[in-house]
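So the sequence lines, in the order shown, correspond to chains A and B. Residues 1 to 180 in our numbering are what the first sequence spells out, letter by letter. Residues 1 to 127 in our numbering are what the second sequence spells out, letter by letter.
Check each hint, because a few of them may be wrong.
Each pair of labels, with its calculated beta carbon distance range [as the list claims (entries may be wrong)]:
(1) A:L51 with B:I5: 41 to 49 angstroms
(2) A:L44 with B:T68: 18 to 26 angstroms
(3) B:E37 with A:A173: 45 to 53 angstroms
Here are some chain B residues pointing at chain A (derived, C-beta under 10 angstroms) [unchecked claim]:
(4) F36
(5) F66
(6) S71
(7) D111
(8) V115
(9) H119
Hints were generated in silico from the structure; no laboratory data involved. Where a beta carbon is used, it is the ideal one built from N, C-alpha and C, also for glycine.
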Amino acid sequence: MAVRKKRKKEDIFVDEASCLNRVRNFLSEENKSPEETVAELDNLTNNYSELLDQIKLITRISDRLQRKLDQTNDKLNEVNLEIQEKNVQLEQTINDLAEAKIGRRATTFVFIFALALFLVSEAFIEPWIERYYNNFFISLGIKGVIALSIKPIEGFVEKTLVKKARQRTLKAARAKRQIA
Amino acid sequence: MKELILNGTKQTPYVNFNAETGKLELSGRSIPENSFEFYNPLLEWITEYGTNALAITNMKVYLEYFNTSSSKYILEVLKRLKEINELDDKEVKVEWCYDEDDEEMMETGEDYEDVTGLHFTYTEIEE
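The following block holds chain B by itself, in its conformation from the complex (with noise of 0.2 angstroms):
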């Protein structure tokens, strides 16, 4: 399977999602114009990769900003790779990166673990 590689750029992430090593990034700001123009070919390589995961997928989610419509996807991604969390022999874990003094984006990962269910690792960067 082709990885996916998005570089950032002021408005979208960088993305890179490798089947054969089982380790996507998403890290960046994320304010799209169009936020279902760029998360859809996301959401469709996870469906993809999901026929055929590694026993151990990590996700990796730095996310520096992001508006309204694309916390709606990351929730979309975070899905999909929760229905790979309940495969059988898969599982996903997500290591949520954060700024050191960004305490709502910690708080923003632990609401999305709340409510994906799947399990989240806290990572503070320092600056």
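Same shape as in the complex, but just chain A (with noise of 0.2 angstroms):
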């Protein structure tokens, strides 16, 4: 558990406080005289003229500060929202990027995929039906089958590398945070 520290305290005003108490001794005192006491309140007069300005001073340098200070946190939320605006983009951009990179991929392997097919359709396939039905309708039929499939495929394909694309990103997040 952590121990707070107990802030040392300070006392600006030691000098204001010992001409109080300066003066609450000289009330408290008997036989006082009309001198004693003139010039007490002479003391007291100027010290509290002095104090007068010194707070007027601080309380217009204070307000200053309090309004630079309360100027500069606007500009620091403005700056914030502007990052988290671009922030968004720059991810959007980042997932834009990553799915058509992942799209090439996707078509490349499709492509290969729907040449492997041509490939075993005309030495296999082929050979087979003219063999066994000879009929030009259902050669054309399958390759039409393998044509028209070729777009769900890539579709799926490019899913799954999404998808994987994602587990990575926040897989790497999450050890991020972790070492954090």
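Taking the hints as your guide, dock the two standalone chains into a single complex.
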């Protein structure tokens, strides 16, 4: 458990407090002469006047600093919002780029797959149909099915690759969080 | 008299008080945990310097930010310098520096000038 260190109190009005104590002591004394009272009052008035000047100045400065801090805070908030927006945009761009990259990879994969199917069809299926059925339409139908299945296969491959990429990203983010 | 040099930190300003040249400098940020502990040696130094001050003393203040308690002690520093200024054949010049976009700091200098009655010159520092 963290132990909170108690902050040392500081009194910046030591002189003013000692002046007040002196006057209080004076007031508690008996047999005060009028001259002494006037001198003490004069001293108190001077100190009070000085204190008033100080307070006026410090208040003005503090208000100004507060205003400055508020303005800085507002600016920081604006910049923060802007950064958040840029972050969203950046994330979107990264996603788009990743999807485009994956799309290209899926197309390549499907192209190779289609080529393989075409070769298999030409080398094995076509001779088999000619041998047993000798029907042009069956051959054409099989080729049509192969051609029509290319697009859904591409979509499926793309979806699978995107899913894998997201899982990889999430895993990396989790690992980063654990290290932090 | 020994010069007083304090390196600036994130919370305390840089201090360079040199009795031989009569050049005093206070710059940076002033938000010490205990303003009395920080400023008291400065006030004592100025009091001692006042006993044998040069004809002209130049005080340069270039503060970026300071807290309320520091503002009281800065006033104390300037008041001690005013006491020197009131001595025969002694003059204290205060150069109040501020960043070009920090009008508030310039106005703060004007407030100090009004209260202390010392002569201030204002220098805008380009960032």
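Evaluated hints:
| no. | hint | verdict |
| --- | --- | --- |
| 1 | A:L51 with B:I5: 41 to 49 angstroms | violated, 33 angstroms |
| 2 | A:L44 with B:T68: 18 to 26 angstroms | holds, 25 angstroms |
| 3 | B:E37 with A:A173: 45 to 53 angstroms | holds, 46 angstroms |
| 4 | F36 | holds, 6 angstroms |
| 5 | F66 | holds, 8 angstroms |
| 6 | S71 | holds, 5 angstroms |
| 7 | D111 | holds, 6 angstroms |
| 8 | V115 | holds, 5 angstroms |
| 9 | H119 | violated, 18 angstroms |
Hint compliance for this structure: hints 1 and 9 are not met, and every other hint is.
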